Amino acid sequence: MRKNYDANSDTGSSKAAVLPSTQDSGHRLTLKRRQSLAGWIYIFPAALLIVVMSFYPMIQALILSFKTGVSNNMKWAGVYNYTRLVQDKVFIQALLNTFIYLLIQVPIMLILALILASILNKPSLKCKGLFRTLIFLPCATSLVSYSIIFRTLFAINGYINTVLIHLGILSTGYNFLGHPNSARIVIIIALIWRWTGYNMVFYLSGLQNIDSSVYEAAKLDGASKSQTFWKITVPLLKPMILLTAIMSTNGTLQLFDESVNITSGGPANASITLSHYIYNLSFKYMPNFGYAAAISYVILVIVAVLAFLQMKVGDTRD
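Numbering follows our numbering, in which position 305 of the sequence shown is assigned residue number 1437; successive positions increment by one, without gaps.
Do not take every clue at face value.
Claimed, not checked - Label-pair restraints from in silico Cβ distances:
#1 Thr1294 x Val1202: 41 to 49 angstroms
#2 Pro1189 x Leu1441: 21 to 29 angstroms
#3 Gly1171 x Cys1271: 31 to 39 angstroms
#4 Ala1287 x Ile1173: 28 to 36 angstroms
#5 Val1218 x Ile1342: 42 to 50 angstroms
#6 Ala1439 x Lys1357: 29 to 37 angstroms
#7 Pro1270 x Ile1195: 36 to 44 angstroms
#8 Phe1231 x Val1202: 30 to 38 angstroms
#9 Ile1195 x Asn1289: 47 to 55 angstroms
Since the hints were derived computationally from the structure, they do not count as laboratory data. Bear in mind the structure is a predicted one, so any value in this text is a computation, not a measurement. Note that beta-carbon positions come from the ideal geometry of N, C-alpha and C, so glycine has one too.
Build out the structure end to end from the sequences listed, making use of the hints.
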């Protein structure tokens, strides 16, 4: 009887030893579920806002691009709006202008930003904080304000013409905003002035993460400053250069404020951009939201394709 009692007691104690571990396992599982549920609760408001404010309008715009008409009388038109783009001279001009700005302004701006960042990253340079602030300051100005300032500067009786006349370069004021090529050049200058400092900050952050011993080793090996720049600085900044190139491409393809406020798209739509044309179709001319939505999706496709190509070209992984 004693042996049986001991056996039973041992069995009971082993069961008692097993029960806490089972309870602990169940408790851990419940905690994981609670943490997961808490995470979804925190994410849900932001996800709901993104869906309502971004994805839903995008889907509605896509549906709208296949319709024609005004207000509540819109009818399904299939791909008519997209086939119409090929015959629209204003759209072709706006597309051409946008790519002119992209191909000229973006490379100049990024190269200038990279050179300025390299100069301002030198440890021996004094007043670096002041120079960085002054170069970045244009980016902090309002888009409308700086556009109006550039429009005033390049007016017939503006400051630029006044200086050129005093220097004897011009006899009378030149209408910069009244000629197609000069109007585009003014927009390009304005874009470079405003956004160079913005991209310079990205390059500065990348340069400060490069170990100084790399440059010291290159100097000991007899590398010149130009060789150090092209063989060390540029390759190590390649991810940052790719990022700024994609952002600048995206921003230029959606260019709006400068076209509206500096040149008003003129003369005769010679400097108009795609976003400016979308605005005119929606709010300035007789509203044609379906056609405007079609152009907006053309911009989306162009941005996606160029970003994909830039990622492919910039990807050095095997």
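We went through each hint and held it up to the structure:
A C-beta distance of roughly 47 angstroms is found between Thr1294 and Val1202, which places it inside the suggested range of 41 to 49 angstroms. For Pro1189 and Leu1441, the Cβ-Cβ distance of about 27 angstroms falls inside the hinted range of 21 to 29 angstroms, so the restraint holds. Checked against the hint of 31 to 39 angstroms, the pair Gly1171 and Cys1271 passes, with Cβ atoms roughly 36 angstroms apart. A hinted range of 28 to 36 angstroms is violated for the C-beta pair Ala1287 and Ile1173, which are about 57 angstroms apart.
For the pair Val1218 and Ile1342, the supplied restraint of 42 to 50 angstroms holds, since their beta-carbon distance comes to about 48 angstroms. Ala1439 and Lys1357 have their C-beta atoms about 33 angstroms apart, which keeps the hinted 29 to 37 angstroms range intact. Distance hint for Pro1270 and Ile1195: a CB-CB separation of about 40 angstroms, consistent with the stated range 36 to 44 angstroms. For the hinted restraint 30 to 38 angstroms between Phe1231 and Val1202, the CB-CB distance of approximately 31 angstroms keeps it satisfied.
Restraint check, Ile1195 to Asn1289: a C-beta distance of roughly 49 angstroms satisfies the suggested window 47 to 55 angstroms.
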